[in-house]
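Visitor: If you read the sequences in order, they're chains G and Y.
Each residue of the first sequence is one higher than the one before, starting from 129 at the first, in the working numbering.
Each residue of the second sequence is one higher than the one before, starting from 850 at the first, in the working numbering.
Among these hints, one or two may not hold up.
To be verified - So, partial list: chain G residues that the calculated Cβ filter (under 7 Å) puts toward chain Y:
hint : residue
1    : Leu141
2    : Leu145
3    : Arg156
4    : Leu253
5    : Gly255
6    : Pro290
7    : Ala295
8    : Glu298
9    : Ser344
10   : Ala359
11   : Ala370
Claimed, not checked - One-sided and incomplete, this derived list gives chain G residues near chain Y with beta-carbon spacing under 10 Å:
hint : residue
12   : Phe158
13   : His169
14   : Gly217
15   : Phe218
16   : Lys312
17   : Met361
18   : Val373
19   : Arg378
20   : Gln380
21   : Ile382
By construction, these hints were calculated from the structure, which means they are not laboratory data.
The beta-carbon is built from N, C-alpha and C at its ideal position, and this holds for glycine as well.
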Amino acid sequence: MDIIVLVKFVPDLVEDLEIDAQSGLLDRSFLRLIPNELDEHALEEALLLKERHGGTVTVITVDTGDVDESLYTAAAKGVDRLIKITGEGFDQGVTNQALAVIFQSVMGDMAFDLILTGTQAVDDLDGFVGAMLAERMGLPYVGYVTRVEAENGTMVARKEYPGGLNADIEVRQPAVLGIQAAEKPPRYVVTSKVMEAMRSATIDEIEAPETPIGGSLPVSRMSVPETGAHAEMIEGTLEQIAEAVANRLREQGILA
Amino acid sequence: MTGEVCVVAETLRGEVTELTYTMLAAGRQLANGLKTRLSAFLIGHQVERMTASLGAADRVVCVDDPALVEFNPQAYLHVVAEIFGRHTPRVGLFGHTATGTDIACGVAQRLGAPIAVSCRTFTTEGGEPHYSSLICGGKIIAEGPLPGPCCIATVMTGGYKAEQGKVVKAAPVESLPAPEGLDALRTRFKRYIEPPAGDVDITKQAIIVSVGRGIQNKDNLAMAEELAKALGGVVSGSRPVIDQGWLPTTRLVGKSGKQVKPKVYLALGISGAPEHAEGMRDAEMIVAINRDEKAPIYGFAHVGAAVDVLEFVPVLTDKIKHIHCA
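For reference, chain Y alone in the conformation it holds in the complex:
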C-alpha cells in the first residue's frame, strides 16, 4: 500500500456499508489522478466473503482475526496504525462515521500525518491530492492540499455516488497477519442494543413533516403534528429536536438516525447541516421553510420559502384542510 491510496472499508454486522462504496469512488478518482493503485483495507473476522463487492479497488488487503469480529475502537486503531506504519499510504481514507472517526484521528496522530475531516470531494492538482470539506453546519467550504508523504482524510456522503464505487468484480485479495497485542487492550465490544420497536417506521412513509431547531419549543410540535395529520404523513426531526427529548429517537432523520426517501419531505426550521442532509437528500421532493435565506438546506431543497415557520405552518395547514374539504 506504500504510496498508494487506501480506503479503510467499513463493515457493520458482516456487511460492507454504503459509505465504503462512496469512499471507493473517491479513492478511485484520487488514485487515477495520482497515477497510483487503490487498495481496500478490510478488517474483521471471516471477511473474505465480503471482498466480492470491492472490485473498484485494485486489490483488497485483509486482516482477519476473531478479536476483530465487531468494531472495537482500540483494536481497529491498533491494526490500521500498525499496518499503515509498515506500508504507509499516500492518502488513507476513512468514513466520517461513528466508527471511522474513532480510529482515523488516532492513526493520524500515531503516523504524525495531517488529517482532514468532513471531506466531500478530492482533486489532484499538479500531482498533489487536495481536499474539499464542508464544515460549520454546511455553511463553509474549506479547501487545501494534502501534503506528503502521508495524509489521512474522513469522507462523508454528498460528493460521490455510492453506485460508482460498488463494483462486483473479484479484485486480488491479500491477507496480512493481525498485529500482536490485540489481547491486551482497554476497550471491548460488549453487545448491540437494537433500535426500539413499536413506533411508526419513518422510512416507510410517503409524506414526512420534519422539524428542526426553528420549531423553538416542544409546544410548537403540535403545529407540525397537525400539518402531518392533514397531509396523511408523520412527524420526524433533526438532531437538536431529538436531543431535547421533544421526539423519540425513532423519529431522528440523519447520519445517526434514519435515511428516508419519501415522496415529499417538508423541512420546517431545519438548517440542512450535512449530518441531516445525509438522511433525506434523496427524497423525491424537498420543501424547505427556514427564515434564514442563506440556510444550507436551500442548496439541495427543490422548493423553499424564507419565512417564519411558526407563522407559516398554521396557514399551510388551513390551506391543506380546505383542499381536502373542497
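Next up, chain G with everything else stripped away, as it sits in the complex:
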C-alpha cells in the first residue's frame, strides 16, 4: 500500500501568541512553528500500515519555515520519500483552502492508495485540509479516525464519536482519512538516527503552483480572549494556596 501523509506546521501553543497591532492578525514574526500533532499521529498510523502491509510512505509538507528537521525525523522513522513544497510568501502562513489546492496539484501525477493527515490542526479556521482535499480530488473522506485496517482494496476506518462510542466505516481505496489518534503514540527516534537521515536522505523540493494563499474566508481581526477575567486567582506560597483550595473544597461540602 502506498501512502501519502500530509503535514502542516502550526503555532506552538506553549508559546505566547500575540496580535500584530497593524494587521490585527496573529503576529508571525516570532512565532515558533511545530508539526501539527495530529499529523504526527497520521504519520504513525501510516508507518504501522506499512509494517503490516508493505508499500511506501511519502511525507509532503509546505515550506512555511524550518521544516527540514521534521522531515529528516520522518525519514529516520521509516518514511521513504520526503517532499517539501516551496513558494512565495509561505512564511506569512497559508490558509487551509490554499493548502488543499497546493497539495492537490503536487500530488497530481503521484500514485497512491491512501492519503492520511490529521483530522484537524490547532489553527484551522477555513475548513479542514484533508476533508477539502478529498472533495477536490473526488475521493471519499472519513475523519476522526483512530485505527485503519486494510484488506484487498477495502479499508475499515474506526471513527470516533462522542462519549467513547466508535463506528467502523468501510472505505474503498483510494481515499483520504483524517486521523484523530494513531493506534499507538507516535514513535520516538533518537537524535543519532535523525543525524544519520540528514546525511543519507534527500528532500525533494517542488515549487508550488501560483495559488492565492489567502483563501476565500475573510478575517477582519484576531484577539486574545480575556482569560483572567473569570477565575479568582490565588497567590502566595504553595502552602497558602493549598490552604485556600482546601477551604474552597470545604465550602463546597467536599471536606469535613
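Got chain G sorted already, so can you dock chain Y onto it with the hints?
Guide: Then chain Y, alone, in the frame of chain G:
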C-alpha cells in the same frame, strides 16, 4: 431554503443531539438578524418522529431514505450538497463534530462557498452575517464576515445555550426526495463499537481530579491518584494524556470523551482548549492549576493558581490528608 439560514441537524442512533439545539439557537439569532427564515435540515431514516423538538426552526426539511439510517460520510455529504446546490442557503450551519466536519468541508468545496470552523457566536452587522471562532486551543479569537451568496460554518458549544434552541413545537415539515446515487458510494457504515464497560463511570463522580499535558509523564500520574484517593474522587484526563496511553479511554473528558458535571473538578496542568472545556465547563466548581497564567482554562475556572502542578499537588494532598486526620 434559498437565501435562508439552514441548520443541518445531527442525530445519533435515532436521537437529535444536544449540539443541534445549540445550532438552532445560533441559527435563530442569525435568521432574525438577517430577517429571513430558519430551516432545520434532518437527514436519516424514519426521521419524522424526531422533528417534534425542532420547533425553534420555522420549518423542518427532511430527506428520508433507508440508506441514511446511520451516518455515512459520502452519503450525507451527497445529500446535503445536492439539496444545497438546488436551494442554496445564505448560511449553512453544521456541528463542529465528528460527523458535521466530515461533510461541512466537502459541501463548502462543492458549492464554492467559504467555510468558517470552530464558530462560537454569530452577529449581524449591516445586514451581513459575521462569525467569531475560537482557535489555537482557545488562545485566539478570529472574527470576520461571512460573504454572500452562501457560507458554511461549523458550530461548537460555548456560545449559545442548548435550552434556547430546544423548542417542543410542531414546525411545518417538508419532505424532499433523496437524491440519486446513494447506492454507488465508496463509504459504508458497518457497525458501532460500544464504549468499554467495567471501568468507573466518571460521569457519576462528585469529585474529579483531571490531568493534562502538564503532568509530563506517566509516573507523575501516581501523584494525581493519591490526591484523588485523599479526596474520595477519581482521576480523569484530557486528550494528550489518553493518546499517550497513560489513562484508558473511559477516563477521557471532553468533546470526544465524557461530559462531566461533578461538584468539584480539579484541573491539573490542563490548558483548557475548547475540546476539553466542552466536557467539563458545567462542573459546579472548577479549580485550575496551571503554570501558564494565560491558559484559557482561567477564562472559565472558578478558582485558579498559576503554580507548578508537580510541586503543588503533593502539598495539597498532604493538606487534605491532614484535614481528614484532624
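Visitor: So, against the hints stated earlier in the document, which numbers end up violated here?
Guide: Hints 3, 12, 14, 15 contradicted; others consistent.
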